[in-house]
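Asks: Sequence:
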Amino acid sequence: MHKKFDHKTIEKKWQKRWRDEKVYEVANDHKGKKKRYILTEYPYPSGNLHIGHWYAFAVPDILVRAKRMQGEHVMYPVGFDSFGLPAENAAIKNKLDPKKWTYENIDRMTAQLESMGNSYDWSRAVRTSDPDYYRWTQWLFLQLFKNNLAYRGTSMVNWCPLCKTVLANEQVVGGKCERCGSEVEHREMPQWLLRITDYADRLIDDLDALNWPEPIKESQRNWIGRSEGINIDYTIVGSDEVLTCFTTTPVNFGASFIVIAPEHPLTAKLTTKENEETAKTYTEASAKKNEMERTGQKEKTGVFTGSYAINHVTGEHMPIWIADFVLKDVGTGAVQGCPGHDKRDFQFAKKYGISIRRVVVGPDNDTSDIVSEDQVVEKGTQGRMINSGFLDGVDFADAMEKTKDYFESKGWGKRVVRYKLRDWSVGRQRYWGCPIPIVYDPEGLPHAVPDEHLPWLLPEDVDFTPTGEPPLAKSEALKKRTVEIFGEGWTPEVETLDTFVDSSWYFLRYTDPKNTEVFATTEAQGAWMPIDAYFGGAEHTTMHLLYARFVQKVLCDMGLATVPEPFTVRVNRGLVLGPDGNKMSKSKGNVIDPDEQVSRLGADTVKIYLAFMGPYGEVTNYPWDMGGIAGTRRFLERVHGLGAHVHENEPRDVTSLLHRTVDKVTRDIEHFKFNTAISAMMIFINAAEKDGLSEESYKTFLKLLAPFAPHLAEELWETAGESFSIHQATWPLADKSLLTEETATIAVQINGKARGTIEVSADTEEESAMDIAKAHKHIAGYLDGKTITRVVYVPGKILNIIVR
RNA sequence: GCCCGGGUGGCGGAACUGGUAUACGCGUACGACUCAAAAUCGUAUGUCGCAAGGCAUGUGGGUUCGAUUCCCACCCCGGGCACCA
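Its first residue numbered 162, the first sequence is counted upward by one per residue in this note's numbering.
In case anyone wonders, no lab produced these hints; they're calculated from the structure.
There may be inaccurate statements among the hints.
[Unchecked claim] Straight line, CA to CA, 20 Å or less: simulated SDA-like cross-link-like pairs of lysine to any residue:
#1 Lys183 - Ala936
#2 Lys378 - Ala699
#3 Lys489 - Ala699
#4 Lys194 - Pro691
#5 Lys749 - Asn782
#6 Lys834 - Glu850
#7 Lys834 - Arg813
#8 Lys565 - Asp394
#9 Lys261 - Asp282
#10 Lys183 - Lys196
#11 Lys177 - Ser884
#12 Lys581 - Arg363
#13 Lys450 - Glu349
#14 Lys449 - Ser529
#15 Lys449 - Ala329
#16 Lys635 - Asp258
#17 Lys914 - Ala936
#18 Lys173 - Val184
[Unchecked claim] FRET-style restraints, in silico, Cβ to Cβ:
#19 Lys744 - Pro776: 14 to 22 Å
#20 Pro776 - Asp530: 46 to 54 Å
#21 Asp530 - Ala558: 19 to 27 Å
#22 Val952 - Ala558: 28 to 36 Å
#23 Ile844 - Lys744: 28 to 36 Å
#24 Ala881 - Lys173: 53 to 61 Å
#25 Pro607 - Val184: 42 to 50 Å
#26 Ser343 - Lys194: 58 to 66 Å
#27 Arg505 - Val955: 46 to 54 Å
#28 Lys744 - Glu926: 56 to 64 Å
#29 Lys571 - Lys744: 36 to 44 Å
#30 Arg965 - Ala699: 51 to 59 Å
#31 Thr918 - Lys173: 49 to 57 Å
#32 Asn372 - Glu349: 37 to 45 Å
Note that the coordinates shown come from a computational prediction; the quantities given were computed from them, not determined experimentally.
Note that beta-carbon positions come from the ideal geometry of N, C-alpha and C, so glycine has one too.
Build out the structure end to end from the sequences listed, making use of the hints.
Replies: Right under this line is the structure:
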């Protein structure tokens with residue numbers, strides 16, 4: 162008889178022992194072991210740990226523990242991304258101190274994280290809102306500032322006139338402020354920006370060498386959006402103004418109109434008297450829309466300015482229109498329309514009666530006039546040029562180079578490379594963030610706060626109720642501090658940094674978390690960087706990951722970082738949904754509380770359930786299944802009782818299965834396929850319960866289980882008389898000679914349809930396989946009276962007999 | 001709209017490099033144990049059919065001896081789109 166599986170006692174006992182003996186703390190000296198740095202995106206301290214946190218942190222711990230047992234020196238750090246808007250919103254709403262709110266949440270979540278039993282090195286924990294941390298965020302910003310990579314510019318924002326604050330797109334619902342319901346405006350605001358676009362080429366090119374899933378790399382390439390084209394300068398009829406259009410396609414002979422953004426600097430000048438009224442109305446309406454509303458609408462609209470530009474190659478007068486699907490900050494804010502080559506342009510031309518000319522002939526060789534949308538030959542299809550003067554007959558693919566040469570030689574335009582990527586705006590008119598360490602002199606010029614005054618502390622005498630002024634502008638202490646240090650007339654910067662700046666370097670701090678002299682020495686970074694696996698959410702694919710790569714490159718260029726790319730492997734994970742298949746939310750009442758599950762079924766059960774749910778590293782959403790987790794608990798109960806099946810004579814089949822299980826679990830962990838690893842262990846335990854297993858096999862199985870059910874495995878390891886700790890034991894190796902079974906069951910197909918199976922040894926020749934098949938009563942029935950015309954035999958796999 | 005991903009039993013999913021589709025788990029049904037229930041154990045379980053057999057991996061086509069897997073077109077669902085993190 163064995164004791165009941167008492168998960169609560171076991172968890173408490175071993176979590177304490179692991180903590181007391183600092184089992185998972187690692188030094189920067191690897192003592193000859195291979196280093197491995199495994200990282201998960203650190204959490205925002207939102208209040209309570211939810212099941213998504215478990216999925217994010219407990220499942221990668223399987224890999225961490227397995228690698229440690231495989232003899233590697235593994236760092237698995239944890240921390241908190243503790244600056245951010247939720248703290249401020251909670252503060253405004255409930256009149257709390259955002260600092261108090263944040264740190265109480267951190268305490269609660271730390272306790273919850275510890276209940277997971279992850280093999281975290283807590284001694285390296287960082288919190289981005291700690292002055293010891295953000296002094297280095299400030300230092301980083303100043304390095305960018307001193308290297309002309311941080312500058313004052315402008316960017317468009319959502320503005321709520323009543324709340325007097327900038328809103329995230331998320332806070333704008335149907336064009337209205339989420340909080341107060343006022344109509345949201347779109348304003349251009351002065352802004353601190355980082356020159357990430359200077360690094361655009363390297364951010365694209367360096368992707369090639371990274372071992373990331375190709376779709377993630379592709380998303381980054383598209384986000385950066387490099388396109389090579391030409392800026393064409395157009396003369397305006399009856400005006401001295403020059404209008405520049407960016408284009409990547411060689412269709413100037415078919416360009417019959419120009420569209421400019423409503424906010425384009427020339428909009429007013431190009432609009433003639435009789436069109437002023439309509440243009441004004443249109444421009445005002447478009448100011449109320451956000452980018453997605455402007456570019457996403459199905460039917461494009463526009464208004465005519467009354468002005469014309471002269472087409473260089475045709476001499477024709479092209480009407481200039483204002484349309485909100487053109488954005489001021491994209492390209493030059495003005496585009497030429499070619500209705501014969503672009504469906505959007507075709508719809509626009511048709512709607513407003515603008516002329517349409519075919520300039521590209523597609524593979525269908527249709528040279529007729531274009532009268533319907535499906536005749537439009539779009540970019541990316543093959544084709545040759547027509548009605549295009551010097552380009553006639555040239556392959557579409559070659560025509561752009563010729564156009565660039567021609568336009569440059571005539572002085573009509575010049576080659577440019579443009580990016581969709583914009584500079585990173587980092588200033589926030591918020592309180593709970595890292596203060597930007599800049600002060601302005603009496604002339605209003607920005608200066609770096611000298612190093613000796615870092616950390617440039619966030620003042621606490623602030624009323625952060627939104628008034629239209631950044632909260633820090635209301636701090637007397639900050640003003641006083643500035644005047645005292647820099648003199649009369651000097652003023653502080655009152656914006657704080659985007660939290661993405663905090664998170665763009667935290668992984669470097671983990672290598673040297675206590676250093677007071679530098680953010681992290683190159684020795685410490687050299688010991689751990691680059692990160693061998695970075696686990697996180699798919700929503701970070703383009704922003705956080707790109708920002709972190711950018712910062713890493715900047716530091717590397719300055720000789721302050723050791724590698725140009727921070728993350729060698731990236732794994733994007735999916736989402737855990739409520740039992741009803743919807744995203745968990747309080748309003749839907751479908752939230753699964755992890756604490757409740759852990760208390761009822763145990764941390765190991767929750768961990769294995771999440772790992773078993775589906776493959777990790779695929780961005781799929783999995784509904785929580787109460788029955789499913791009960792099944793996982795049953796599995797662990799059976800593991801708990803497995804000791805009772807240990808006896809001296811282990812059948813050879815069980816031995817062989819164990820070695821195949823070792824092999825499969827080892828390989829699956831490597832590929833983040835924890836679900837099939839668990840399934841393999843279930844298959845083993847099914848057989849072991851039935852046929853019995855040896856003491857040695859039992860212990861080997863416990864080692865396989867250890868990364869998945871760390872508490873239970875540790876307990877059973879002790880019960881089996883082994884010494885602490887199973888997590889420091891050596892990972893089992895599969896005996897290759899036991900991996901392959903002697904005979905294989907192969908399928909026999911008749912005309913491609915499975916009709917039966919035969920038992921053959923792996924090295925059976927086709928002829929004898931055929932003999933066995935013919936002797937098989939059922940299969941023989943299909944061959945009776947037929948002529949065999951062909952036989953496809955793949956040893957160990959299949960025998961396909963084609964008959965007539 | 002643009003970019004990325006995904007559609008396999010009642011459910012989560014499995015299937016190596018193109019080779020027996022549905023492993024493993026859940027659920028369900030029946031049986032054993034029990035005064036009874038729960039728990040546990042056993043058996044069955046894609047679908048239609050008494051069976052032989054047919055039909056099934058979102059839909060339609062193609063390549064192949066053979067397609068969940070490769071190619072083309074389409075439909076549906078999820079994520080991202082720059083001040084939530």
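Asks: A separate judgement is required for each hint: does it hold in the structure or not?
Replies: Evaluated hints:
no.: 1; hint: Lys183 - Ala936; result: 65 Å, violated
no.: 2; hint: Lys378 - Ala699; result: 12 Å, holds
no.: 3; hint: Lys489 - Ala699; result: 29 Å, violated
no.: 4; hint: Lys194 - Pro691; result: 16 Å, holds
no.: 5; hint: Lys749 - Asn782; result: 17 Å, holds
no.: 6; hint: Lys834 - Glu850; result: 25 Å, violated
no.: 7; hint: Lys834 - Arg813; result: 28 Å, violated
no.: 8; hint: Lys565 - Asp394; result: 13 Å, holds
no.: 9; hint: Lys261 - Asp282; result: 25 Å, violated
no.: 10; hint: Lys183 - Lys196; result: 18 Å, holds
no.: 11; hint: Lys177 - Ser884; result: 16 Å, holds
no.: 12; hint: Lys581 - Arg363; result: 15 Å, holds
no.: 13; hint: Lys450 - Glu349; result: 14 Å, holds
no.: 14; hint: Lys449 - Ser529; result: 42 Å, violated
no.: 15; hint: Lys449 - Ala329; result: 15 Å, holds
no.: 16; hint: Lys635 - Asp258; result: 16 Å, holds
no.: 17; hint: Lys914 - Ala936; result: 18 Å, holds
no.: 18; hint: Lys173 - Val184; result: 15 Å, holds
no.: 19; hint: Lys744 - Pro776: 14 to 22 Å; result: 20 Å, holds
no.: 20; hint: Pro776 - Asp530: 46 to 54 Å; result: 53 Å, holds
no.: 21; hint: Asp530 - Ala558: 19 to 27 Å; result: 24 Å, holds
no.: 22; hint: Val952 - Ala558: 28 to 36 Å; result: 47 Å, violated
no.: 23; hint: Ile844 - Lys744: 28 to 36 Å; result: 34 Å, holds
no.: 24; hint: Ala881 - Lys173: 53 to 61 Å; result: 21 Å, violated
no.: 25; hint: Pro607 - Val184: 42 to 50 Å; result: 49 Å, holds
no.: 26; hint: Ser343 - Lys194: 58 to 66 Å; result: 60 Å, holds
no.: 27; hint: Arg505 - Val955: 46 to 54 Å; result: 51 Å, holds
no.: 28; hint: Lys744 - Glu926: 56 to 64 Å; result: 58 Å, holds
no.: 29; hint: Lys571 - Lys744: 36 to 44 Å; result: 57 Å, violated
no.: 30; hint: Arg965 - Ala699: 51 to 59 Å; result: 52 Å, holds
no.: 31; hint: Thr918 - Lys173: 49 to 57 Å; result: 51 Å, holds
no.: 32; hint: Asn372 - Glu349: 37 to 45 Å; result: 41 Å, holds
When each numbered hint is compared with the structure, violations occur for hints 1, 3, 6, 7, 9, 14, 22, 24 and 29.
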